[in-house]
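Quick mapping for you: the protein sequence lines, in order, are chains A and B.
For the first sequence, full-length UniProt numbering gives the first residue as 1, with consecutive numbering after it.
For the second sequence, full-length UniProt numbering gives the first residue as 1, with consecutive numbering after it.
Simulated from the structure, these hints should not be mistaken for laboratory data.
Fair warning: there could be bad hints in the mix.
Claimed, not checked - Chain B side only, calculated, beta carbon under 7 Å to chain A, not exhaustive: (1) V226; (2) Y268; (3) I379; (4) S380; (5) G389.
Every residue gets a Cβ at the ideal spot worked out from N, C-alpha and C, and that includes glycine.
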Amino acid sequence: MGMAQANIRNFCIIAHIDHGKSTLADRILEYTGALTAREMEDQVLDSMDLERERGITIKLQAVRLQYKAKDGQTYTLNLIDTPGHVDFTYEVSRSLAACEGALLIVDAAQGIEAQTLANVYLALENDLEIIPVINKIDLPSAEPERVKQEIEDVIGLDASDAVLASAKSGIGIEEVLEAIVKKIPAPKGEPEEPLQCLIFDSFYDIYKGAISYVRVVQGSVKKGSKIQMMSTGRTFEVTEVGVFAPAPRQVQELSTGEVGFIVASIKNVKDTRVGDTITNADRPAAEPLAGYRQVTPMVYCGLYPVEGADYEDLRDALDKLRLNDASLIYEPETSVALGFGFRCGFLGLLHMEIIQERLEREFDLDLITTAPNVIYRVNQTDGEVVLVDNPTKLPPNQKIESIEEPYVKASIMVPSDYVGAVMELCQEKRGLFTNMDYITNQRVMLVYELPLAEIIFDFFDQLKSRTKGYASLDYELIGYRASELVKLDILLNGDLIDAFSIIVHRDRAYHRGRALAEKLRDLIPRQMFEVPIQAVIGNKVIARETIKAIRKNVLAKCYGGDISRKRKLLEKQKEGKKRMKQVGSVEIPQEAFMAVLSIDQ
Amino acid sequence: MRTVQPLKQGWGVYIHIPFCRSKCAYCDFYSHRASEQERREYAQAVIRHIATEANKWDGAQGPTTIFFGGGTPSLLPPESGRAILEQIRHTFGDHLLSEITIEANPGTVTGPDLLQWVRGGVNRLSLGVQAFQPRLLAFLGRKHSIEDVREAINAAKQAGLLNVNLDLIYGIPGQSMEDWRLSLELALDLEPAHLSIYNLKPEAGTPLALWLERGLTGVCPEDLEVEMYEEARRLLHLAGFEQYELSNFARPGRECRHNLNYWHRGDYLGFGSSAASAVGLRRWTWAADSRQYVGALSSGCDVPIGDEEILTPVVAAEEAVMLGLRLTKGVNLQEVIREYGLGERQGSNWHKLSTILHGKGWVDYDGSRVKLTPESYLISNEILEKYLGEEPEN
Chain A
1 MGMAQANIRN
11 FCIIAHIDHG
21 KSTLADRILE
31 YTGALTAREM
41 EDQVLDSMDL
51 ERERGITIKL
61 QAVRLQYKAK
71 DGQTYTLNLI
81 DTPGHVDFTY
91 EVSRSLAACE
101 GALLIVDAAQ
111 GIEAQTLANV
121 YLALENDLEI
131 IPVINKIDLP
141 SAEPERVKQE
151 IEDVIGLDAS
161 DAVLASAKSG
171 IGIEEVLEAI
181 VKKIPAPKGE
191 PEEPLQCLIF
201 DSFYDIYKGA
211 ISYVRVVQGS
221 VKKGSKIQMM
231 STGRTFEVTE
241 VGVFAPAPRQ
251 VQELSTGEVG
261 FIVASIKNVK
271 DTRVGDTITN
281 ADRPAAEPLA
291 GYRQVTPMVY
301 CGLYPVEGAD
311 YEDLRDALDK
321 LRLNDASLIY
331 EPETSVALGF
341 GFRCGFLGLL
351 HMEIIQERLE
361 REFDLDLITT
371 APNVIYRVNQ
381 TDGEVVLVDN
391 PTKLPPNQKI
401 ESIEEPYVKA
411 SIMVPSDYVG
421 AVMELCQEKR
431 GLFTNMDYIT
441 NQRVMLVYEL
451 PLAEIIFDFF
461 DQLKSRTKGY
471 ASLDYELIGY
481 RASELVKLDI
491 LLNGDLIDAF
501 SIIVHRDRAY
511 HRGRALAEKL
521 RDLIPRQMFE
531 VPIQAVIGNK
541 VIARETIKAI
551 RKNVLAKCYG
561 GDISRKRKLL
571 EKQKEGKKRM
581 KQVGSVEIPQ
591 EAFMAVLSID
601 Q
Chain B
1 MRTVQPLKQG
11 WGVYIHIPFC
21 RSKCAYCDFY
31 SHRASEQERR
41 EYAQAVIRHI
51 ATEANKWDGA
61 QGPTTIFFGG
71 GTPSLLPPES
81 GRAILEQIRH
91 TFGDHLLSEI
101 TIEANPGTVT
111 GPDLLQWVRG
121 GVNRLSLGVQ
131 AFQPRLLAFL
141 GRKHSIEDVR
151 EAINAAKQAG
161 LLNVNLDLIY
171 GIPGQSMEDW
181 RLSLELALDL
191 EPAHLSIYNL
201 KPEAGTPLAL
211 WLERGLTGVC
221 PEDLEVEMYE
231 EARRLLHLAG
241 FEQYELSNFA
251 RPGRECRHNL
261 NYWHRGDYLG
271 FGSSAASAVG
281 LRRWTWAADS
291 RQYVGALSSG
301 CDVPIGDEEI
311 LTPVVAAEEA
321 VMLGLRLTKG
331 VNLQEVIREY
341 GLGERQGSNW
351 HKLSTILHGK
361 GWVDYDGSRV
371 KLTPESYLIS
381 NEILEKYLGE
391 EPEN
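Start from the sequences, fold in the hints, and give me the full structure.
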């Protein structure tokens with residue numbers, strides 16, 4: 001192992017949202033001189049606007065830093081960022097595979113959260129060295145000793161030499177860096193062996209083509225190298241290799257243990273599939289690297305342009321987003337009510353919201369999103385098993401033998417005061433109690449088996465509001481189970497609006513049908529004629545509401561001095577309606593298609 | 001050097017008089033209190049303004065109508081009003097002048113004053129009556145009494161003014177159907193030639209809007225407002241009035257010509273602070289600040305402009321439809337297309353749209369002229385909107 005390789009440390013940061021990951025990353029960048037405080041835009045790693053607004057990290061980023069340690073040697077540190085939300089567990093596993101160590105940041109006042117725990121277990125599975133960092137120790141409510149104990153009790157990690165830090169006040173930053181250098185092992189691997197590079201992310205640049213973010217596991221790669229993608233066998237010539245410091249910077253070579261990017265005039269992002277192994281074309285490695293577990297979308301919804309003419313633009317936008325987000329899947333579908341659109345699969349609700357917002361913001365599209373649903377497994381009377389990703393595709397009743405829905409094991413960490421509230425919520429959401437553990441006197445881990453459909457419905461919002469934001473949730477799919485499920489349809493003006501159809505548990509159908517009809521009555525503005533709303537199961541009407549006709553919308557006066565203003569008023573009114581979808585003769589606002597998500601509040 | 005622009009025949013002159021004794025709760029026009037001295041100076045400024053604008057316009061044979069609006073024009077000393085009228089005649093000519101209106105509030109007009117105005121050429125009076133119930137007048141912030149209304153009408157008769165309009169408001173919080181019916185009947189007893197009935201609308205920034213926002217006052221239920229409007233249409237029809245615009249009713253031949261020019265999207269020149277003018281595709285207002293206005297004119301500066309816009313022919317044509325559809329006789333789409341030089345495409349868009357709306361019973365359409373059906377008068381915004389913007393809707 002060369003000197004350079006011995007002084008490389010690759011690490012990531014595991015933290016719950018708000019526990020201070022981005023701030024700590026910023027301080028590390030600042031301390032190592034990668035950026036001065038002045039040129040540093042707050043929280044450099046979260047580069048997408050959306051990430052900054054929501055305070056979460058979605059896409060992976062990698063930064064190379066130089067650190068002169070107390071032992072007098074200079075180390076190259078590669079910080080690979082990880083997302084902190086349950087939807088992105090998949091992305092976390094990607095960054096973990098590129099590291100030898102992880103900083104586990106825990107808020108000194110709040111302790112470990114469910115999601116953090118899940119990611120720590122992932123890191124342990126990947127044999128990562130974990131350095132506990134207790135952050136925000138200067139808060140009046142900080143209890144570092146209690147949190148240390150919690151780390152030992154819950155995770156089984158030795159927390160006796162956990163770093164006590166306050167990223168905000170710059171306390172403990174040097175200690176963190178020293179711990180990285182001392183505790184995290186240098187990357188293994190032989191520079192002389194055939195190249196093996198793990199693609200842990202890829203990004204499409206309109207000038208350079210697909211850019212692969214890689215970790216070199218063995219061998220080396222430089223400009224001019226002939227490389228081969230091991231999954232497809234396609235070969236390319238490298239035009240550029242470089243690192244992010246944090247701005248992209250070309251380097252001579254990426255050698256064993258290093259993290260950086262490779263540009264090779266790759267036109268099609270499919271050729272830089274995340275998880276694939278890059279090797280030498282003329283001296284290929286015998287085996288590809290382990291890669292990643294296949295990501296499975298859990299949540300589906302329909303995405304439709306408000307203006308039918310924008311369909312092609314929507315397709316282009318989805319294609320572009322997919323270049324950087326392999327977990328997004330979509331295929332064309334048609335709705336009677338909404339016309340041409342796409343059925344899209346997401347990792348979770350947050351992922352769905354983010355994609356939707358990015359489509360609207362970055363591509364300036366007006367979209368209708370239908371209520372999200374899970375994939376149902378329908379056992380037909382003829383013995384065939386059908387997967388249903390859209391309620392409207394549910395086979396007719398007489399063909400259904402049984403319907404199964406996905407269940408998850410949900411782990412909820414909550415202060416003991418709220419245990420009752422959480423149990424009640426889980427019960428309401430058809431949960432089956434499995435376990436309850438007191439982590440400390442004040443903190444409880446509840447485990448329930450819940451239908452995923454209930455989780456994506458409004459579980460997370462309810463959990464947050466009923467525990468004043470103190471509960472944290474993690475879940476994993478545990479399989480399919482038969483449930484008493486029915487399809488609930490909505491008729492507007494006598495016409496079935498397929499985009500409103502949902503699959504619900506039989507016991508909930510009546511309540512949800514009535515609530516949905518009421519909600520739609522409030523959300524859909526009055527039209528020039530009366531619009532009846534009916535909620536229907538099969539042929540049975542279970543709820544009925546009416547949207548009254550507009551009786552008055554008139555400009556009482558319009559004289560010489562009023563004309564401009566009144567014209568603008570009408571233009572504004574028209575503009576407002578443009579954001580609505582004309583279904584038959586009824587104009588429906590976008591939010592109505594998501595109404596079902598808010599009917600239990 | 002400016003080119004002299006022609007004004008379309010039938011054009012009108014609007015004079016804004018921004019003085020009021022007090023501000024009404026619902027009013028969003030530019031007005032304020034002023035001493036008699038200030039009022040005279042303002043009139044002088046208007047006269048100077050008319051003179052300076054003279055060489056910019058080719059008024060052909062002069063305006064057809066003049067309208068003193070406000071504010072409360074009856075607060076202007078009559079001799080000042082006469083001097084303004086003289087200046088207009090002198091500057092633009094008076095061969096075609098057929099209607100000169102002055103707006104007035106009850107309690108601000110006397111017989112001798114009105115006589116002076118009439119001698120100056122005024123032949124139409126528009127009286128802001130609004131309601132006949134003291135509690136509703138108080139709510140609106142109107143300072144006049146029912147007696148003031150009768151006196152004003154008598155004064156008008158003495159001065160020989162027979163072409164009188166009364167403004168009435170419906171939809172006032174607390175106003176009952178009985179109140180409204182009584183107001184209509186008492187108004188009809190005064191034998192006006194013209195009635196404007198306006199739905200009370202809380203304009204942003206007015207005390208009324210503020211009260212509503214803070215929950216200090218309730219609203220008139222929409223269903224009741226609709227019934228009030230329908231009742232007014234019924235009663236006024238019985239009394240021999242013809243509805244010629246969404247809010248305006250007249251005895252045959254007594255339609256307000258000045259306002260008709262607006263709804264035909266004709267040209268007009270406005271003078272006075274905040275007054276609006278429109279010539280062809282250009283529309284502008286003078287700054288809504290009477291001190292600045294008077295100052296500019298007494299020091300020989302250009303009068304500052306408040307807002308200005310130059311419309312595209314398409315937008316102007318859409319406005320012509322928006323305005324024309326306010327008239328019960330509607331608007332001839334083909335004439336609009338021709339007048340604004342629009343292409344076939346706009347014509348066929350409007351034709352398609354009108355045919356669809358006709359099919360739904362919301363408009364009458366004979367292939368060129370489109371007009372609202374009475375059923376859609378009160379929801380006219382929903383229909384007008386469809387004629388704006390380029391794409392026709394289904």
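Okay, the hints, checked on the actual structure:
1. Because the closest C-beta pair between V226 of chain B and chain A is about 5 Å apart, less than 7 Å, the hint holds.
2. At a threshold of 7 Å, the smallest CB-CB gap from Y268 of chain B to chain A is about 6 Å, leaving the interface hint in force.
3. For I379 of chain B, the interface hint holds, the least distance from its beta-carbon to any beta-carbon of chain A being 5 Å, beneath 7 Å.
4. About 5 Å separates the beta-carbon of S380 of chain B from the nearest beta-carbon of chain A, less than 7 Å, and the hint is met.
5. With its C-beta approaching chain A no nearer than about 6 Å, G389 of chain B sits inside the 7 Å limit, and its interface hint holds.
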